[in-house]
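Input sequences plus hints: build the corresponding full structure.
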Amino acid sequence: MNRFSKKDEKDNVATALVDLGKNKAAHIYLSNGERLTNVQSNEMIPHGNKIALNDINNGDKIYKYGEVIGICTEDIKKGDLVHVHNVKSLTVDIPKEFKKEIMRQIKIMQEEGEANEL
Amino acid sequence: MNFKGYRREDGSIGIRNKTLIIAVDECCDGIARNISEKVKDSVVLTNSYTCMLGGNEETFNQMIAVGKNPNVGGVLVIAMGCGSILPEQIAEPIAKIGKPVDILTCQKNGGTRRTIETGIQKLKTISEEINKTPREDVSIAELIVGVKCGGSDTSSGMASNPSAGNAIDKLIDAGGIGIGGELFELQGCQENLRKRAVSEEVFNKIDSLIEAEKSRWSVEGTNVETMSIGNSVGGLTTIEEKSLGALYKMGTKPIKDILEINKDFIDKPKESGFYLSETTMLCGGAGVNFASLGAQMVLWTSGAAGFNNPIIPVIRISGNEDLFNDDMDIDARGIMDGSDTVDNVGNNIIKKIVEIANGEKTQLEDIGSATLTLYQKDQRLEQLLGSCKNK
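Those protein sequence lines, which keep their order, are chains A and B.
Letter by letter, the first sequence follows residues 1 to 118 of the UniProt record's numbering.
Letter by letter, the second sequence follows residues 1 to 391 of the UniProt record's numbering.
Please note that the accuracy of each hint is not assured.
As the list claims (entries may be wrong) - Under the rule of at most 30 Å between Cα atoms (straight-line distance), these lysine-lysine pairs were calculated in the DSSO-like manner:
{"id": "1", "chain 1": "B", "residue 1": "K18", "chain 2": "B", "residue 2": "K124"}
{"id": "2", "chain 1": "B", "residue 1": "K170", "chain 2": "A", "residue 2": "K10"}
{"id": "3", "chain 1": "B", "residue 1": "K214", "chain 2": "A", "residue 2": "K100"}
Treat the hints as calculated values from the structure; they're not laboratory data.
Given below as structure tokens:
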């Protein structure tokens, strides 16, 4: 089961409880166990990372736990990976070079994930 | 719910009956450890900073407060004899609340070998005296439980932290006290904390202590890690996301006050409810901070490994499928795949709290205990930061 957790009604992201490949259906669950409609992934979403539940525009707020966890820095499509490359903190943001390294490591995880699916 | 605890002279309830050796300077650390090896259930607290008093009053206050912790039955204070901190200064306030306390100075006692011999005799005498303390039936309303996280990943915010928070809420419903800390990691949670604080005054105090902690750690020209690369590769995007997940372990009850740990005093919680505190985010120092606030136990949420403390037992909670091992006391993994609920794991934690209070050991108690680290806010740095702010 491709289980994803949406923590609050207000949230525009859900967290992956599995490694999900590209073009796969993410099964979105609320904390009370209720299952919502699926979201198709545009790229691999590694375990623990977040998928966009709808289109999010540059400058929009990102909600998780029903609270603002950051601000969108480039347009995000429904089904995209939501992370440091397209979101920044409103208090202390991660330095650019660290963001590059984080995304490099995630890219490797994504490539390994794709290789596994062949 | 009741457990069998040790009632101390000052009315507080211990869940362990330890003897504590306080080495007021690092030079007598080896002497303290040699004595401790020969006396069962004894623990060593060493001041490794300095043997000088000026500027280190916060450490001095903590040594006294740990001696007063209800899990400590009696205390032996030792000093080399050439430093500024006199053992009497530590021993007297602890003796005042009715605990058996003795002192020993290496220089006055004929050197290291004789001090070890005399120390073993003195500590054995204290140990025999406190072993007469009976365990009596008391309510879990007597419990003060600290809550702390470490090695956070996505499962912390979703499974182990909400479970710890659920248990803290239930403990408070039963009349107990919960204490959180890690102010640096509450950045971005201010609006949430404003809603939870019992008054605007309490919120302002919380806010100013968070700001002070921010200024301590964010000094230009030095690096500070609010997020490790590992945190982010694991899926945490911003400090807000990490902090909000961390806040779950502190439950949902109103925040009664924030307990200060400083050079002038150490606060104590006064009545049932939830309190924030100046307990550091650094795990070793946090153990001693919690002990100095009077906590008898700590809930620790994580992936795995980490935090232990020889005075106040640590209950470990993990929901991480990959890292879970037999160091853990509570299994929260089922929450991640939907086969278990936060409420059920919360009930398991409460059950475990009562068992541990009753004398049962945690998975790692007495195995590979961590050092009791005395962490303090350096008074010299505090002054410098203060002068920076005034410019």
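Restraint check for K18 of chain B with K124 of chain B, where alpha carbons must lie at most 30 Å apart: Holds, at about 12 Å.
Hint consistency between K214 of chain B and K100 of chain A [alpha-carbon to alpha-carbon, up to 30 Å]: Given pair K214 of chain B, K100 of chain A holds - Cα atoms ~25 Å apart, limit 30 Å.
Pair hint outcome, K170 of chain B versus K10 of chain A [Cα-Cα no greater than 30 Å]: Holds. K170 of chain B to K10 of chain A sits at ~27 Å (cutoff 30 Å).
The structure is consistent with each of the numbered hints, conforming to all of them.
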